[in-house]
Amino acid sequence: MYQLLKQIVSVGIKTEAPPQTDEALRVVSQRLKQEILGMFAGSLAIRHVDAGSCNGCELEIHMLNNPYYNIEGLGIKFVASPRHADLLLVTGPVSRNMEEALKRTYDAVPEPKLVVAVGDCGCSGGIFGESYASCGRIANVIAVDVAVPGCPPTPTALMQGILTAISAAGRNHA
Amino acid sequence: MAFESLSPQLTELPGAVPAWRADASAAELPDICQVVKDQGGRLAALWGTDEQDRGEGYALNLVLAKPEGILWLKSALPVDRLQYPDLSPIFYPAQRMQRAARDLLGIDAEAADRRPWLRHAAWQETDRPLRREAAGATVYDQGGNDYAFVSVIGDGVHEIPVGPVHAGTIEPGHFRFSIVGEKVLRLEEHLGYTHKGVDKRFQGMALAEGAKLAGRVSGDSTVAYAWAFSMAAESIAGVTPPERALWLRALMLERERVANHLGDLGYLGNDGGLAFGLAQFMRLKEDVLRLNEKLFGHRYLMDRIVPGGVACDLARGGIEAIVAECGALEREVRLLKDIYDDHPGLQDRFLTCGRLTPNTASKLGVIGLAGRASSQAWDARAQAAPAPYDVLGVRMKTHKNGDVAARVIMRFDEIFESLRLIRAVTERIAPGEIALPLASAPAGRMGLGWIEGWRGESMVALDLDANGSIRSCHAHDPSWQNWPALAFAVNGNIVPDFPLINKSFNLSYSGCDL
Chain R
115 MYQLLKQIVS VGIKTEAPPQ TDEALRVVSQ RLKQEILGMF AGSLAIRHVD
165 AGSCNGCELE IHMLNNPYYN IEGLGIKFVA SPRHADLLLV TGPVSRNMEE
215 ALKRTYDAVP EPKLVVAVGD CGCSGGIFGE SYASCGRIAN VIAVDVAVPG
265 CPPTPTALMQ GILTAISAAG RNHA
Chain U
279 MAFESLSPQL TELPGAVPAW RADASAAELP DICQVVKDQG GRLAALWGTD
329 EQDRGEGYAL NLVLAKPEGI LWLKSALPVD RLQYPDLSPI FYPAQRMQRA
379 ARDLLGIDAE AADRRPWLRH AAWQETDRPL RREAAGATVY DQGGNDYAFV
429 SVIGDGVHEI PVGPVHAGTI EPGHFRFSIV GEKVLRLEEH LGYTHKGVDK
479 RFQGMALAEG AKLAGRVSGD STVAYAWAFS MAAESIAGVT PPERALWLRA
529 LMLERERVAN HLGDLGYLGN DGGLAFGLAQ FMRLKEDVLR LNEKLFGHRY
579 LMDRIVPGGV ACDLARGGIE AIVAECGALE REVRLLKDIY DDHPGLQDRF
629 LTCGRLTPNT ASKLGVIGLA GRASSQAWDA RAQAAPAPYD VLGVRMKTHK
679 NGDVAARVIM RFDEIFESLR LIRAVTERIA PGEIALPLAS APAGRMGLGW
729 IEGWRGESMV ALDLDANGSI RSCHAHDPSW QNWPALAFAV NGNIVPDFPL
779 INKSFNLSYS GCDL
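Chains as they are written, first to last, in my numbering: chain R, 115 to 288; chain U, 279 to 792.
To be clear, the hints were calculated from the coordinates, so they are not data collected in a lab.
Some hints could be false.
Said to hold, decoys possible - Just the calculated beta-carbon pair ranges, DEER-fashion:
#: 1; chain 1: R; residue 1: G156; chain 2: U; residue 2: A553; range: 21 to 29 Å
#: 2; chain 1: R; residue 1: K147; chain 2: U; residue 2: D620; range: 40 to 48 Å
#: 3; chain 1: R; residue 1: A257; chain 2: U; residue 2: V440; range: 23 to 31 Å
#: 4; chain 1: R; residue 1: E137; chain 2: U; residue 2: R332; range: 52 to 60 Å
#: 5; chain 1: U; residue 1: P439; chain 2: R; residue 2: I150; range: 27 to 35 Å
#: 6; chain 1: U; residue 1: I438; chain 2: R; residue 2: A257; range: 42 to 50 Å
#: 7; chain 1: R; residue 1: G156; chain 2: U; residue 2: D620; range: 22 to 30 Å
#: 8; chain 1: U; residue 1: D626; chain 2: R; residue 2: P224; range: 56 to 64 Å
Glycine residues also receive a C-beta, built at the ideal position from the N, C-alpha and C atoms.
Could you put together the complete structure from these sequences and hints?
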């Protein structure tokens, strides 16, 4: 126990400042009202869905919780059920074998809900494209709010995407 | 020669690993497999190819492995005779691979299990998406998706269905537990959810693009696959990459191993109730990834290994940074290992949990890290030893307990060994070229790539057409062999230990769903 506590103290706090939002990642203008976004800003529940990725994006999603990025420190946490989630973080491409599971997961998330598509495959189908086995990008199967490219996108880019999804800046006031 | 006692005419494949090619009739296969098995060999991969572009119907491909080398057997199946003998009585892992080949190509081992494997609802039983006449872009009419799980019947037995969408940040797959109380009587796995049509996608690609796709068969093993693919391409072209490129490849592969093992050790601590372990090991992993980014320009080293060599050289000061990192990692990991070893709660979860005995592991043909934790002494770096591992001399370790604790110890052992290898590379690497161009290879040539990634051996079998683009390519992940073993390891354990046992194997879904 002494070694363990000593290690915690000697490592210290590694957490870095979160990135700024990036409106360029937005696929559609912000649909949610200011009041709702205000609630999400302090407490956002994310359900991750791997809809057929190569598992590269999952590696970086895991890293969001390491002490450097410490996404939970921003009130953003990953939950075990879509029914507990505000936002779906979806990696792709969507394999045809996962198409129905993705749609059902999306339907299980209560409104108001947001979707962030992750990675080059999630944004465009990537190197796997569309085929007998792949539906291609996430937006071909469910509605996407924000898309984060990269192969895989860095944890910083993922945080940017998630923070952009809950930012009011992209609201279309027209 | 490893396979000289076999009857077929062997052709040696040039390249980095001792590999041979042979043709055999379907009827001869059981005898050949039995001989290889009796000599201590095993099945490394099985898949089907469409040879109609050469007027030869279809073919069943087998790769058999012995410590001294590998043999690629091709068995022609004429269009009017697509059946071949079921090889799973000899080699257990053949089962799912045979079912996958049937789903994609219609070649049939006539095994007792008639259920599909990769085919869920995206195409129907009569469709053959991997055949050459089938356009890759075809979208088939949806079939039904009512997979016939084996049901366990008895007093108080019930089922827990899990997935394909799991509770954590992991890949999709379905697990069907039959349990009584909390005790698992049977686990049945249903995978194939991430099937992306990789074999079909490879067809017609240029080598450079193929290397990128190979690097995305299983993202966590991108270095291993890119190396295996490049090795296969270099075998065909008769090119040996420059020495510096080989050193850099080994450096990258060992860094991939260290990064993955660090992450796994963190999650194993976390799943055992010690969140401290997750925070500490993920910090160390992040440090490794950041140095990758700084030195090689990519956190996971994707697309850094290319046919002919490597895509980027080590930046100035890189060697010093790596040596310094090795020292820091060695110190920190030893400290964390002491904390893990001395933590009664954690050891209580690890010890005897998810035990895979050496006997069962041997029968199932388990390989890679999970195999070595159950006395299965296979490591392609130590045995086939492609350059520069022939010079480095990997010290393979094995453990016999086969429980979660053994798979944890394997990871610690292998981190320390990888750090030793990385240091050895930094002492030997000399300035020089980092890539050679691959001259166009004669048509009809085939090449194998074979390298021990962090999870186990990654294999790529490559066949080029007359233009030098890919005629067919198949990547094989060690998870094919090891997934069935997970079901055995879980038996008799309680359901809440499943996440821990599963994590201790940490198998790839994408790698074998392809």
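*Which of the listed hints are not met by the structure?*
Of the numbered hints given earlier, those the structure breaks are 2, 6, 7, 8, listed in rising order.
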